[in-house]
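*Asks:* Okay, here's what each chain looks like letter by letter:
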Amino acid sequence: MISKDEIRHLGWLSRLELTDSELDRYATQIDEIISYFDKLDNVSLTGSDPARSIKKVSELRNDNIHVFEGDPLEFSKNRKDGFVKGPRMV
Amino acid sequence: MPNHLYRLTADQVASGIKNRDFSAQEYISQILERIEKIDLKINAFVAVDKQGAAEKARSIDKRIHDGEHTGGLAGVALGIKDNICTKGLKTTCASKMLEGYVPPYDATVIKKLKENDAIIVGKLNLDEFAMGSTTEYSKYGPTRNPWNINYVAGGSSGGSAASVAALECAMSLGSDTGGSVRCPASFCSVVGLKPTYGCVSRSGLISYSNSLEQIGPVGKTVSDVVMLMNAIAGTDENDQTTRTTAIETIPNTMSLDRIPKYRLHQNNRNIRVGLVKELVEGADPAVSKCIYSAVDLFSRSDCKCEDTSMKSIEYALASYYTIAMAEASSNLARYDNIRYGFDSNPEEYEWNTYFAKVRNNFGEEVKRRIIIGSYVLSAGYYGKYYLKAQKAREMIKQEVKSLFEKYDVLIAPTMPILPFKFGEKIDDPLKMYQIDIDTVVANLAGIPAISIPVGFSDCLPVGLQIMANEMEEQTLFDVASSFESIVDIHKSPEI
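One line per chain: the protein sequences are A and B, in this order. With this note's numbering, letter number 2 in the first sequence gets 2, and the count goes up by one each step, no holes. With this note's numbering, letter number 23 in the second sequence gets 23, and the count goes up by one each step, no holes.
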């Protein structure tokens, strides 16, 4: 059973400030969904390796820099002196 | 000038404009009028670019008048799902978190459409960040089904399918992560394709689940979908998962009217068709009845049809949602409302508090998926869920591969149920996920799958799904277009 506290913790790890009613609702719904995922318990861990279809680094293109034409932050709302304003660090 | 130009297929529009039967401006003005008149009821568009569309139409007419070359889609009105970046045109993913975001670049598919002189008339509605099966999870409100506006249009590319069905544009682009092009195509009685993974560039598609999603075309006919695939398919240095295909060995593919990559053969002779019995037997009887009628038609057109079984399907949905949510939680970590997003002053807050506060503006379903994604990736549960889901995915891939040694195509319902009324499943997320059971296999296995209209039950559309082996889009098109010519199901709803 997934508890409300676990949902709150997952919310914090995901940087989501959840309300009390959200915590109640998500705890019930997510518990039901995760219980459905439990059918994966029957899948064997032996057999083909899922990583085998992943491209090797040598197959990737060279990591060359291309200068972006235009201003990628043209539409940013919180700009000041060429910087983007963010929250304070502490 | 005919006054129903908006009813034409993309194919008819392209040749009509090229042959000067009517101008691009005449056509586009009818399309824009149609959107203005109909979209209040359908809510397929989240933004309409009237000025840009009119200017493009004027420029195409001028070039045709001056005898200059125009692209293969010259003048054809297209709608674009609002999770595909369009330079200078807002792209919001139907989310408050991307409110007002104007991309400084075009997605690769948009560049290709522009090279082919297609006219982008606007951006289309979707479930927030493409997470959903009904388009009810949109910040702009749900898209309504043109066949009955009290019913859902399907999702997440609800706007892409409804706009084409409601004759608001000739074709559209959607994206398909677990059925998001095929589901609404089925519910709205249009044709929708999920291409092979890697066949179409994802550069500029706002990521939800990278290993599963593909941009896919929607059209009124198979022929139109082929036409659109010819414009958008191909490798792209900006997307390392795109794959080189035999079709790209043809030189000078810049213009599709010169050298088409895919064609319509309409030859079904000796095609081996496997009917996936788990998916037909699990469907609503009204849906399976339509699918069995389709099997009869296939058999009568010299196809060899037989029942087949896909045992690993039992794990498909759990595997799909585990992987999709894990990737979603990682992809959506980037949204911090700093560089773009809604109006909010970050200066008063500490870093983490600000992020947690603003990120609560994600919608209900997006937050649910982020939390579940974090759960299945967390240290204690990674092996139990994520790793097992990847193993199940590999098992499904292997079984699908072996089935294509016996069959050229696999068929099944696109959706196990008929379109349903608004609000019917929205309070039960697991029930909502379960309607994706027929479509997720193609995404897990990376194979192409197309949904084509197969009939109606109680005046609600039913779609047939045809799947082929990876990179076998041509086989899909051959079978689908042959089937389409036999059933002749296309008709438009009265709105």
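Treat each hint with caution, since some may be false.
Residues of chain B clear of chain A, computed beta-carbon distances all greater than 10 Å [said to hold, decoys possible]:
hint, residue
1, Arg20
2, Ala54
3, Glu314
4, Leu317
5, Lys367
6, Val376
7, Tyr382
8, Lys384
9, Glu405
10, Leu430
11, Ser485
If the Cβ cut is set under 7 Å, some of the chain B residues that face chain A in the computed set are [said to hold, decoys possible]:
hint, residue
12, Arg300
13, Asp302
14, Cys305
Don't read these hints as lab results, they were simulated from the structure. We put the CB at the ideal spot given by N, CA and C, even for glycine.
*Asks:* Work down the list of hints and note, for each, if the structure agrees.
*Replies:* Taking the hints in turn, this is what the structure says about them:
Non-interface call for Arg20 (chain B) relative to chain A: holds, since the shortest CB-CB distance, roughly 36 Å, exceeds 10 Å. With a closest Cβ-Cβ approach of about 24 Å to chain A, Ala54 (chain B) is found to remain outside the 10 Å limit, as its non-interface label requires. With 10 Å as the threshold on Cβ separation, the claim that Glu314 (chain B) sits away from chain A is violated: the shortest Cβ distance comes to roughly 7 Å. Consistency note on Leu317 (chain B): stated as away from chain A, yet its beta-carbon is not over 10 Å from all of that chain's, at 8 Å minimum.
The claim that Lys367 (chain B) lies off the interface is violated: its Cβ sits roughly 6 Å from the closest Cβ of chain A, which falls inside the 10 Å cut-off. With a minimum CB-CB distance of about 7 Å to chain A, Val376 (chain B) fails to clear the 10 Å threshold, and the non-interface call is violated. With a closest Cβ-Cβ approach of about 12 Å to chain A, Tyr382 (chain B) is found to remain outside the 10 Å limit, as its non-interface label requires. Consistency note on Lys384 (chain B): stated as away from chain A, yet its beta-carbon is not over 10 Å from all of that chain's, at 7 Å minimum.
For Glu405 (chain B), the condition that its CB be more than 10 Å from all CB atoms of chain A holds, with the nearest at approximately 17 Å. With a closest Cβ-Cβ approach of about 5 Å to chain A, Leu430 (chain B) is found to fall inside the 10 Å limit, against its non-interface label. Non-interface call for Ser485 (chain B) relative to chain A: holds, since the shortest CB-CB distance, roughly 37 Å, exceeds 10 Å. Interface restraint check for Arg300 (chain B): the shortest CB-CB distance to chain A comes to about 39 Å, outside 7 Å, so the restraint is violated.
Hint status for Asp302 (chain B) relative to chain A: violated, with the closest Cβ pair at about 36 Å, above 7 Å. The closest approach between the C-beta of Cys305 (chain B) and any C-beta of chain A is roughly 30 Å, which is over the 7 Å cut-off, so the hint fails.
Comparing the model with each numbered hint stated earlier shows that hints 3, 4, 5, 6, 8, 10, 12, 13, 14 do not hold.
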